[in-house]
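On the provided structure of chain H, position chain U with the ligands as indicated by the hints.
These protein sequences, in sequence, are chains H and U.
With this note's numbering as the guide, the letters of the first sequence map in order to residues 1 to 382.
With this note's numbering as the guide, the letters of the second sequence map in order to residues 383 to 569.
Rather than coming from a laboratory, the hints here were simulated on the basis of the structure.
Treat the hints with care, as some may be off.
[What the hints assert, rightly or not] Below, simulated DSS-like cross-link-like pairs (lysine-lysine); rule was C-alpha separation at most 25 Å, straight line:
id, chain 1, residue 1, chain 2, residue 2
1, U, Lys402, H, Lys329
2, U, Lys395, H, Lys329
3, U, Lys421, H, Lys33
4, U, Lys513, U, Lys489
5, U, Lys422, H, Lys33
[As the list claims (entries may be wrong)] Derived DEER-like restraints, expressed as beta-carbon distance ranges:
id, chain 1, residue 1, chain 2, residue 2, range
6, H, Ala295, U, Tyr428, 30 to 40 Å
7, U, Leu435, H, Ile151, 51 to 61 Å
8, H, Phe195, U, Leu419, 23 to 33 Å
9, U, Ser389, H, Leu347, 47 to 57 Å
10, U, Tyr428, H, Leu53, 16 to 26 Å
Every residue gets a Cβ at the ideal spot worked out from N, C-alpha and C, and that includes glycine.
This is what each chain is made of:
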Amino acid sequence: MDLTALIIKTIIILVIFGVTLVIAMYSTYAERKVAAFLQDRLGPNRAGPFGLLQPLADAGKMFFKEDFIPAQASKWLFILGPCLAILTALMTSAVIPFGESVKFDNMLIPLQGIEVNIGILYVFGVVSLGVYGIMVGGWASNNKFSLLGAIRAASQNISYEIALGLSIIAILMMTGSLSVSKIVQDQHGFAWNLFNQPLGFIIFLTCAFAECNRTPFDLPECENELIGGYHTEYSSMKLGFYLFAEYINMFISSAIISSLYFGGYNYPGMDWVRENLTASLGTTGHNLATAIGSAVFFGKIFFFIFFFMWVRWTIPRFRYDQLMNLGWKSLIPLAILNIVVTGFGLLYEVKYASWIIVAVMVVLAVASQARAPKGAVSAQKV
Amino acid sequence: MQLTNRSKQVSNKEMTLAEKMYLPAIAQGLAITFSHLFKKRPTIQYPEVKRYLGPVFRGHHVLKRDEEGRERCTACGLCAVACPAEAISMVAAERQKGEEHLYREEKYAAVYEINMLRCIFCGLCEEACPKQAVYLRHDKFVPVFTEREDVIFGKNKLVEDVNNRYVRNNPEVKATPTEPTLSGAAT
Ligand code: SF4
Ligand code: SF4
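Pulled out of the complex, with its shape left as it was, chain H reads as follows (with noise of 0.2 Å):
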């Protein structure tokens, strides 16, 4: 690798890094209007036009206000909480391929931070630390609620990590490989791992809202028990950190899910729009077609970050018991099935296995509401 090829790919790294962090500051904005117009509302509209100087706005806020280390507190833990968790929800867009590659003197480029045959484990063992921030961070405070809300978050990102995993090995077990780049390559054009494994992306989804800690799953910071949850002690920037980083991984969250499953820079027709533009454009066509799959890709993440505050704003907070129930009794079972059912499927050549379980699940689901005495239906959920 020679210098221009440094060069680019330094300015590739420190633009996803820029996009990140522009993404998760308009992600604050974002998640205030769809909130507000899901409730007939018009949400923040004051601070520039249609509101848009808000992110700023609140960031000053931020800035100014008193930054407050408790006196029982464990210092330097308390400062390295709200760190750990953005420098986590930072390091996984390294390998996620946010487009194909650019040609720039011959050379190609992917549009990836860093190449790793392994992306998939990087993105979850560094998934794994971000508990950390805010263990450590909910430790730190010396404060009961802080302490339970940590306990609770460590404790659900370790059940729903192990679904997390088992949900994409199916995946992994069809790509025959376990760098990020290579799954969405293996989606071309139209293929989306979407129409292979429907139940694997379900069950994906879920674990990446409980991994967030979004709603319904936010169970960490549950105002009504816990005050502010493991950030009841914070405040000032180093608050913003903990929110920030929750906007970041729901970002970064939303990547993986689009790529994974939504077959990331590929869209239908691709090849076609790539060969008119190189045979019309040469290089510049390249560059251009790799655009238009990146425009595609950010479309996708912009659709579940969408979908995320979407969820928030209609389904109420699980009960812990409920959560633990649905990780471990549901979720973790369907995700071996899941795992069973595709090996079986690769065995005999059926490309579509996945759906006889939800075949079957939905089967099994009207059967249950068919025999279920009629009447008072959606009652109290147990």
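Chain U with the ligands in isolation, oriented as in the chain H frame:
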């Protein structure tokens, strides 16, 4: 007794499999919230758009003049007695020769003050007044004050402007303005 038909009997029955999977219910909920994206927003953009609060809104006080421009208040003190918040105080004075064009009765209020921090805008002063002198405007809020000195409204702020009389059923008033437009209006 059933008040609405929306109440649901709470039961502890076993959930069916479909309910245990949550997904149908979640999809339903998502559909409901999504439909709200396209609903009309009832928000009124407050400082720019003001809502008409109706002809019975009780806002800023006004001391009326009669048709010839004379102050109606005769400083009888009934409004002060009626006021539950004890917000009104006044000093009476006798009308001198040559002041007939200023005051309608022989006795008038030389000082008439309402403490706007005490006032609860109940409108009892308006009801008590035998001379139809004090009213609460329906088209003007009491402006915000930031200093203790601004709290007490004297006659300079209360007595109505001859050229800009207050009419309760003014059809031109479509909104209740809230900005402190008082300074120029009242003398
Ligand atoms: S509106 Fe009520 S509280 Fe206010 S001055 Fe009149 S009587 Fe007193
Ligand atoms: S405003 Fe009416 S009630 Fe009050 S002192 Fe004057 S005349 Fe009497």
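For which of the previously enumerated hints does the structure constitute a violation, in increasing order of number?
No hint contradicted; all consistent.
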